[in-house]
Amino acid sequence: MSKQSLNKTNLSIAIQYLVARKKQSVLAIIGVLLGVTTFIVMINFMSGVNDFLDNAVFKGNPDIVIKPTSKQNTAQQSYGFQLTNLEGLEEINRQLREHTNVTAYANQTISPAILVSNSQQLPGSVNGIFPIEEKNMVDLDKRLIAGKGFDNLTEKNILMGVSLAKKLQVSVNDTIKIILPNGKNTTLTVSGIFSFGITTIDNVRTYISAKTLQHLLGRSEIITHVNVKLKDRDNLDVKTLLLKKLKSIEIEDWKQNNKTIVVGNKVRDILTWSVSFALLLVAGFGIYNIQNSTVIHKRKDIAVLKTIGYTSEDIIFIFLIQAIIIGLIGAFLALGVGYLISFFISITPLDTSDFIIVDTYPINFSKNHFAIGFLFGVLTTILSGYFPSRKASKVDPVTIIRGV
Amino acid sequence: MILEANNIDKHFLQPQSHHVLKNVSLKINQGELVSLYGESGSGKSSLLYILSTLDTSFSGNLKILGQETKNLSQKELTQFRNKHIGFVYQFHYLLPEFSVLQNIILPAQKLGAKKMNDLKKDAVDLLEELGIAEFVNYPSHKLSGGQQQRVAIARALINDPQIIIADEPTGNLDEKNSAIIFKTLKEIAEKRNNTVLMATHNPNFYNNSHRAIEMINGTLRL
Ligand SMILES: Nc1ncnc2c1ncn2[C@@H]1O[C@H](COP(=O)(O)OP(=O)(O)O)[C@@H](O)[C@H]1O
Ligand SMILES: [Mg+2]
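Chains as they are written, first to last, in the working numbering: chain A, 2 to 405; chain B, 3 to 224.
The hints are simulated quantities; they were obtained by calculation from the structure and are not laboratory data. By construction, the Cβ of each residue, glycine as well, lies at the ideal position given by its N, Cα and C atoms. Warning: the hint list may mix true and false statements.
Derived list of chain B stretches under chain A, where covered just means 3 residues or more per stretch with a C-beta under 8 Å from a C-beta of chain A [stated by the list, open to error]:
1) 12-19
2) 50-62
3) 81-89
Put together the whole structure using the sequences plus the hints.
Dropping the structure here:
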């Protein structure tokens, strides 16, 4: 389209047509509004859920976990309870240190334990950690709802998930006793309570100093697990490498442990895009129909415009700009409506499920979502307005003028 | 010489084959009012569409204002029409949603040679000449047929084109309105020294033109 056709006259003719067919114009605008709003709300919500799960599950859990093979475990369990030390720890740590896809790793000693508070007694487990290492794995400070984090974890302290603390009826500065399978026990002070928003962590997880645990176990060097964070989570080269080098280990990765979440994210993405696409398609088809009937009804006008000096390009512009105006108004309104609806969803209380612990629906108000929705809406209208406009530009004035 | 047509020949192939114009040649001078008459179906409209550059599928040559029209692209032809040719149809063909004023200035807005205020003044002047100045801001569909046809003439004149082509402009009008239209067209030729080529069935009109040409079955009897 040349610059010549982008003039005020053509624009005012286009607006005249829009105003003359108010009802259709408004309907077309509503169509775009619905399509774009749905897109924005759905993508805000779906990606809110995705982000939430991502944050809770992936930020709270390691990407891969290295532990002794379960064969060893069962063999030793037949002799009564005994934790299995992870063999080749030095080699494992060296490999992890040198691997470019590893952002952090932390050694842990995990043991079953009975947790005893003043009023309650629960079977569970304790994670013995090295605070300096663990700090790089889990951003606990962001998750704290009371007390202090890894920095203040002494050998006499314990950190625990909020749901577990509730069950034990303890809060920060209360003491609890842990009893290990070997019968040894100690009393620790709760120095922090955290929440990741998912039950698999908040219901069970505790952190104590690895030194305390090793001491109680009577095995000052024992390490049972190594947790690893990866730069690129989808690249599991390091797992293959370690399994090849060391025969006595077993490696779990995030894909095995979080299959449902990964699949859920994909399903939500597909749902968002397909529903929005379908709605925009309907809106686009509506515009196409309206434009088409305008072109058919206005054949005489088009013929006249052509005889008095309006070129085919002018005609395309006159009709295309109508679609663009509809698209811009509809998409612009959708930004506001989409924001409002998203906002109301984001303050709607949500009943905690078996898996998620959260107060309201998660919404991700990303600027990109609004930008993509807007662009989508306008592009759809331009596309659906283009074909009727081109048809209009091809009207042969002689045929029309002769035809009455 | 304002307009010179040589050996214009045209066939229709669809819906049925028809030799509508047979080697038509015609010369028209500046300031002339030329009438074209003849039976319905003799080819008057077909010839006028060609002479006004709307229809380009014909053989032969057409020179308007010294310009060989075959050498112009569709876009150039459209611009040429905008500047030099005014066209009045049998049916008035105004844009119904637009006001009288908006209809009249459409060709001038496209030409873009004058400012809006000047255009409005020109339009009102034309409407005054045509006796319908009070309707300037009416929506065009609210006017009677005769009034609408006068608006269409004003629209054809707004760019002051050298040539006005009118295809049975009074075909749908009563006697009184027809007379007004004819008088206007004649004045355009005589006062403004523009050229008018008009198809008409009314003997009163073609007998009072500067030149009357009969069209018989696709040929001109000069
Ligand atoms: N598209 C067409 N295809 C075939 N024949 C046509 C077409 N348009 C017009 N005609 C024929 O051409 C002849 C001339 O028509 P026209 O130029 O309108 O004559 P007039 O204006 O003198 O009445 C008529 O016989 C008409 O039926
Ligand atoms: Mg005719």
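Check each numbered hint against the structure and report the violated ones by number, ascending. Result: hint 1 breaks, nothing else.
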